Amino acid sequence: MKTHLKPADADQALEAVRWAISEETPLELVGSGSKRALGRPFQATHTLDLAALTGVTLYEPEELVLSARAGTPLPELEALLAENRQQFAFEPTDFGPLLGGEAGRQTIGGVVSCNLAGPRRVKAGAVRDHFLGFQAISGRGEAFKAGGRVVKNVTGYDLPKLVAGAYGTLTVLTEVTLKVLPAPEDTRTVLVRALDDANAIRVMALALQSPYEVAGAAHVPASLAGGLGIEELGARESGGAATAIRLEGFGPSIEYRAGKLRDLLGGFGTVEFLEREPSLAFWAALRDVKPFVSQPERFVWRLSVPPADGARVVADLKGRLPGSDAYFDWGGGLIWLAVDPGAEAAGQHAVRGAIGLGGGSGGGHATLVRAPDTVRASVDVFHPQPAPLAALSARVKETLDPKRIFNPGRMYAGV
Amino acid sequence: MKMPTPDASVLARRAEIVNALRAVVPGEGVIVERDEMRVYETDALTAYRQLPMVVVLPTTTEQVSQVLKYCNEMGIKVVPRGAGTSLSGGALPLADGIILGLGKFNKILDIDYANRTVTAQPGVTNLGITNAVAHEGFYYAPDPSSQIACTIGGNIAENSGGVHCLKYGLTTNNVLGIEMVLMNGDIVRLGGKHLESEGYDLLGIMTGSEGLLGVVTEVTVRILRKPETLRAVLIGFPSSETGGNCVAAIIAAGIIPGGMEMMDKPAIHAAEEFVHAGYPLDVEALLIVELDGPEAEVNHLIGEVEKIAREYGAVSVRVSESEDERMVFWAGRKAAFPAVGRISPDYLCMDGTIPRKQLPLVLNRMTEMSEKHGLRVANVFHAGDGNLHPLILYDANKPGELQAAEDFGADILKLCVEVGGVLTGEHGVGVEKRDLMIHQFTEIDLNQQQRLKCAFDPEGLLNPGKVFPQLHRCAELGRMHIHRGQIPFPDLPRF
Ligand SMILES: Cc1cc2nc3c(=O)[nH]c(=O)nc-3n(C[C@H](O)[C@H](O)[C@H](O)COP(=O)(O)OP(=O)(O)OC[C@H]3O[C@@H](n4cnc5c(N)ncnc54)[C@H](O)[C@@H]3O)c2cc1C
Ligand SMILES: Cc1cc2nc3c(=O)[nH]c(=O)nc-3n(C[C@H](O)[C@H](O)[C@H](O)COP(=O)(O)OP(=O)(O)OC[C@H]3O[C@@H](n4cnc5c(N)ncnc54)[C@H](O)[C@@H]3O)c2cc1C
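Listed in order, the protein sequences are those of chains A and B. Quick note: the first sequence uses the numbering used here, first residue 1, plus one each step. Quick note: the second sequence uses the numbering used here, first residue 416, plus one each step.
Just so you know, the hints here were simulated from the structure itself, not pulled from any lab data. Just so it is clear, the structure is predicted and the values come from calculations on it, not from any experiment. Keep in mind that a hint or two might mislead.
[Unchecked claim] Using C-beta positions, here's what the derived DEER-type ranges look like:
| id | chain 1 | residue 1 | chain 2 | residue 2 | range |
| --- | --- | --- | --- | --- | --- |
| 1 | A | Leu-280 | B | Gly-718 | 26 to 32 Å |
| 2 | A | Gly-414 | B | Pro-441 | 39 to 45 Å |
| 3 | A | Gly-259 | B | Glu-858 | 57 to 63 Å |
Quick reminder that beta carbons are idealized off the backbone N, C-alpha and C, glycines included.
With the hints as constraints, model all of the structure from the sequences given.
And the structure:
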């Protein structure tokens, strides 16, 4: 019988975990369900639903720190921060609509567990960079804590880093503490129009190499620019490609930097500006992968590559996967790729082949973000790891969850 | 300080071990003479000294791998070492262990402006990275005060930080990839030039692991463009409370300065006598706020900070009008440690972090403790992030003073934990704060951390005796006791 356990607090969650361990039965950990279709599908008879573990337990704006129970909905926290003109600087991606659900439902535990950062990653870092501490339940049936609530802390191993991005395979998070930052006073986007991918990568590199504190650098080719739904970008046919450089901060500073960037980038094409509202809409659409939301039948991949390799990787991919579409974030380092549903094994060999071309210490990886269960069950959703690294990851899983109770197989088979 | 009991059987095999190591690292790469090993007997925490069994200085990753594999098979302990500037005894040798020195790994391997990265061997100094890219207007942001000497490998092991951390993060926020060797000899690459690695964030765990999990043999870090402008404000306050409130108000105004440093009266006086920076001597607390960034922004924010300072009761405010003047403001702060060294034969430098608002309380309690232990204390701290560096002044030649200083230090760190902070903000646990770990973590918390070490180093041979107050065998940590459970909470909602 399938059981859906919904503990009311951390103590009940601990009891539920202890019971699952004693039964040696796996649990699927769920926050709100926004990213359930992400990762490898796996069989769990029981669901541990953490949605009732809600509430802010500490918020000290002047200390730049916030703690909340893991099931607290993200929008609730973002609203609270906004009242104090603060924000989570890592700009969490909302995968709800992309994966066929609603927007704005994700929980802070799920956000941390998936470590999915938005466009500000280039300047502010990922979720893991802001994750200071946690309370959790291990797969040994013990409640424990790690990290702390202060920014500068090197006391013991940095377990929060390990748990961020572990997709709920290591511990049940019951409470998390994050660093928050002031929200920028204003924002504006510098747009260069009609560039091809290679020139766009150059423009983004120039902007990111400049001292003008760029808080986002993206390139959307003409075929996808209309899909962002931003009126100012024009219709699909007439708008052309958009290479976008985001500025945030104090008014006079934005004014100054926008002028400097126009001078710096003007030689590459026409320069326009997106003012506050359209700029906010542009980066939110980009962050939540809006161009692919309306094409639910296509496979969606998320590639992380050395930024300067972006255009080369995409050119190679288009050769291998006719009909695919891609756009770039993180100055070229993050590629969102949509592949036609006919592609064999969701195109995994082409995708991983294109990344592997660089070789050396450059590195890179690809995650299959959207595909039907049957496909995700048969391809490597997460990038395959070399043997010594895979063995080490399996040993790390063993230390926190020796009976493989938490989301077994969600990331890798046997982990 | 109690270290693990040396293994007599290993010591008895020393000659054989030396031969085996020489077969891997030829020539002068294996050091066995006591006199030549002296330089390795301590790190910057000089209160503790111990000669190692032998010192090995490999030059390639392959050699590191072979040395570790051999030591793993033979049950020999290994202590990795960079420049030996650790302030917590992280690189303190073990009598029955080898020192694995990474000093010969001193080449920059790749500079990539398009990707904004530098790839270097671990023995390159922190400043060496900045120097390699400075002519193009770039720099590496984390800047420990020891940056001339400390290595990037040591920075990863300690997750080092500096004045810039508030705005630009610690080492962990600026490392993109590493190559490392596990105790079993496996060579593993984590990350690269891309912004995030996939799978478990083992790079995050390696950073700050104090040489207990693996040996770093290559490092890729992010470099940043130098800010257009840097300006500093020097602000004097009649009390630490007013200074602390001003810091909070600056942050509440949405300003994250490039650096925000504070000194108390004894530190101000010592620094002023030493470098004549023109610090006001009639104030209780001195704050240096540095703003960096585009010129228009810096000029705008300097005005804001001045305004806030006056609102919060500053008795003196000076804004740097030239690069020279900015350097003078910093000269005193940067020389604070040696300056205090001049007014006392010895001092202990502590390193705890507290929630910022607890500063007045902590400073007051420190004054009380100072009376109790009969020792003076001077304070310099990273005000922006609550990282304190109390300097406890003592005289090692006076019987009992070292002990009193250590007791005083332990009291301060326990207080940091009590008010919601942590035992160490940047110098690491090492041997220095090892036995205080029980004040911050429960036994369950600590066991969980030690289990993680088992995944990397099941025999516990890499830098044992550091960080954890009790050594456990992995087998013992692996045991689990769960009684057959009832289905929990019959009243728990199920669907
Ligand atoms: C039998 C059954 C009945 C269901 N009934 C309902 C129902 O009545 N109502 C309903 O709304 N949904 C129900 N669901 C669906 C389920 O609650 C969600 O759809 C979904 O599984 C939650 O997804 P998520 O993990 O992606 O959440 P997210 O919050 O997006 O989590 C993302 C990732 O983080 C992990 N994670 C989340 N929180 C934590 C945490 N605190 N600690 C560690 N890891 C964490 C997750 O395991 C996942 O890997 C049911 C599901 C099943 C199988
Ligand atoms: C005057 C002075 C000022 C300082 N200021 C600061 C400061 O502002 N901020 C700060 O954070 N620290 C500071 N420190 C402390 C120290 O400089 C840092 O901790 C530094 O990172 C240590 O680097 P190192 O190369 O000297 O390492 P070592 O002292 O040689 O080793 C430190 C630890 O790292 C391990 N280790 C070294 N290399 C490797 C490797 N390649 N692989 C695996 N493990 C390794 C060792 O085993 C040891 O545990 C200061 C020290 C001094 C003396």
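Here's how the hints hold up against the structure:
1. One distance hint, 26 to 32 Å for the beta-carbon pair Leu-280(A) and Gly-718(B), holds here, with the actual separation near 27 Å.
2. Distance hint check for Gly-414(A) and Pro-441(B): the Cβ-Cβ separation is about 42 Å, which falls inside the suggested range of 39 to 45 Å.
3. Checked against the hint of 57 to 63 Å, the pair Gly-259(A) and Glu-858(B) passes, with Cβ atoms roughly 59 Å apart.
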